[in-house]
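Engineer: Chains as they are written, first to last, in the numbering used here: chain A, 16 to 117; chain B, 9 to 283; chain C, 49 to 201.
Don't take each hint at face value.
Computed cross-link-like contacts, PhoX-like style, restricted to lysine-lysine with a CA-CA straight-line distance of at most 25 Å [unchecked claim]:
1) 208/B to 48/A
2) 83/C to 46/A
3) 208/B to 83/C
4) 48/A to 37/A
5) 109/C to 82/A
6) 41/B to 145/B
Keep in mind the hints are simulated off the structure, nothing from the lab.
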Amino acid sequence: MSTIKMRSKESNGVVTVKALIKHPMETGQRKNKKTGDMIPAHYIQEVHSKANGKDVITIHWGPAVSKNPYLTFKYKGNKGDDVEISWVDNQGNKDTKIGKVK
Amino acid sequence: MFRKILAVILLLPALSVLASPEKDFDKFVSYFKDRFPNTPYEDYKNGVYSIDASAREQWEAMEEFPPYELNVDRGEELFNKPFKNGNTYGSCFENGGVGIRQNYPYFDTDRNKVITLEGALNDCRLKNGEKPLSYFKGKELAHVSAYMAYTSRGNVFNVQIPNTEEALNAYEDGKRLYFTKKGQLNFSCADCHVYQTGTKLRADIPSPAIGHPTHFPVYRSGMGRLVTLHERFAGCLNRIRAKSFKGGSDELNNLEFFTTFMSNGLEVNGPGSRK
Amino acid sequence: MKRRNFIKNSMLFAGVLTTLPSVLFAKKSYAAWPKTSFDIKDLTDSVKSVYGHNNLEESSKVKLKAPSIAENGAIVPINVSTSLENVDSIMIFVENNPQPLSSGYQLTQLAEPSIGTRLKMGKTSNVMAAVKSGDKVYTSTQEVKVTIGGCGG
Chain A
16 MSTIKMRSKE SNGVVTVKAL IKHPMETGQR KNKKTGDMIP AHYIQEVHSK ANGKDVITIH
76 WGPAVSKNPY LTFKYKGNKG DDVEISWVDN QGNKDTKIGK VK
Chain B
9 MFRKILAVIL LLPALSVLAS PEKDFDKFVS YFKDRFPNTP YEDYKNGVYS IDASAREQWE
69 AMEEFPPYEL NVDRGEELFN KPFKNGNTYG SCFENGGVGI RQNYPYFDTD RNKVITLEGA
129 LNDCRLKNGE KPLSYFKGKE LAHVSAYMAY TSRGNVFNVQ IPNTEEALNA YEDGKRLYFT
189 KKGQLNFSCA DCHVYQTGTK LRADIPSPAI GHPTHFPVYR SGMGRLVTLH ERFAGCLNRI
249 RAKSFKGGSD ELNNLEFFTT FMSNGLEVNG PGSRK
Chain C
49 MKRRNFIKNS MLFAGVLTTL PSVLFAKKSY AAWPKTSFDI KDLTDSVKSV YGHNNLEESS
109 KVKLKAPSIA ENGAIVPINV STSLENVDSI MIFVENNPQP LSSGYQLTQL AEPSIGTRLK
169 MGKTSNVMAA VKSGDKVYTS TQEVKVTIGG CGG
């Protein structure tokens, strides 16, 4: 199942993209209360977005971004555009999703 | 006026033999109308956000894309996942389990007990050869409950209390727990959520009593997970250092019965986003 | 005519030569994740590592939207937008976090300079939004209070 939920809406030539990504965004500073071990850092570092194959925005995140991170941005675009969002985390995991602009 | 209402509410437990739930409801609602004259009744389903503007703004920012959407998706998957015998949760409920949150809790006059939604889900599991699940820690039960609440949004609560001694006792039991001071801190639920609602308790503002059950289970940002109503009840009891009760216990079922009756006329709006 | 073509062709050839390596590796050259900047614990040093200098100019054209008292430090909604033009990037610094740089947004020409996210804040802190427009960096700062609740747990 995709980790990325997104909604994109166009108004007056500007598309507002909203995305919610399922990810623990673990800082690496927390301890496992039961074992006493540090919980390893596990957070999204890069998010890229394209519209109809053209780069829109490149985002760099650190561990201070909240768990199940939310993102919103805008770009000059149209209804029916294909918006692609992809992410990579510090452990090398990735995911991508494409959605249409309403 | 305030003192009179206070006195009346304090007397409520003593008047249990003569009290009628409908009269209690009217007193409750008129107390809150006086306390928060600018809050429209239907807004109470939003808890503290109906009475605190700056918290409301942040809650609205969360509602732009609430984290619980991920839980509702997961809840839908779990709701539709068959038990070992091939049945699903939907088979135990009216309308396949969709859009029915507002029908809970209800008093089952055959079993003489309050049935909550989570209780009914566990009954369904037992009936189909599965083990009951925990109300705590935001796991499967919370997720399925969140999905079912989500499908019922907008439906209105209308808890009925059958005119039997057992049903009235369950209601009174819940009411008594609500108004009795307890624990090391000697608080009653009412102390925070009736008398002190809207004031500051350290950095928190206690939410009003009306509308609590409508938005459960909640996604608590601070805990990063779902919390059911019973887990919240138990948590509050722990906070005031009182004896707590288990999820699905008679005590918490009756408390849910009382508090939901007091929210009659409000819409289902779970799962909610909370800090 | 022939000379012009020759120059044009050789420039084209030179262009192809420089792009060839990236085509060969088939890797898109996005700005790399700035590990150093994300590790820095001091705000001034953090800003310097991102921009190469500390010449920041407060500007009312940078709009930072953040709550004055956060409901919960785990999830503070932050929005930054600006009417400035030619915006290359927006960075958000949380001064009192263990590492002030929280996130950076590299915009293309297609993007509008308006972003939002939710951040973790360890304690009450100034939050600074920094917008790079052309060669200059403009900022807007606001304090966000983070409190311990009362009875919510």
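Engineer: Compare the distance between the alpha carbons of residue 41/B and residue 145/B with 25 Å, and conclude whether the hinted pair is satisfied.
Structural biologist: violated (35 Å)
Engineer: Hey, residue 83/C versus residue 46/A, does the alpha-carbon distance stay inside 25 Å?
Structural biologist: Holds, at about 23 Å.
Engineer: Is residue 208/B close enough to residue 48/A, meaning Cα to Cα at most 25 Å?
Structural biologist: violated (31 Å)
Engineer: For the pair we were handed, residue 208/B and residue 83/C, check the Cα-Cα distance against 25 Å.
Structural biologist: violated (42 Å)
Engineer: Between the alpha carbons of residue 109/C and residue 82/A, is the straight-line distance 25 Å or under?
Structural biologist: Judged against 25 Å, a Cα distance of about 30 Å means the pair is violated.
Engineer: Hint check: residue 48/A vs residue 37/A, CA-CA at most 25 Å. Holds or violated?
Structural biologist: holds (23 Å)
In summary, the numbered hints that this structure violates are 1, 3, 5, 6.
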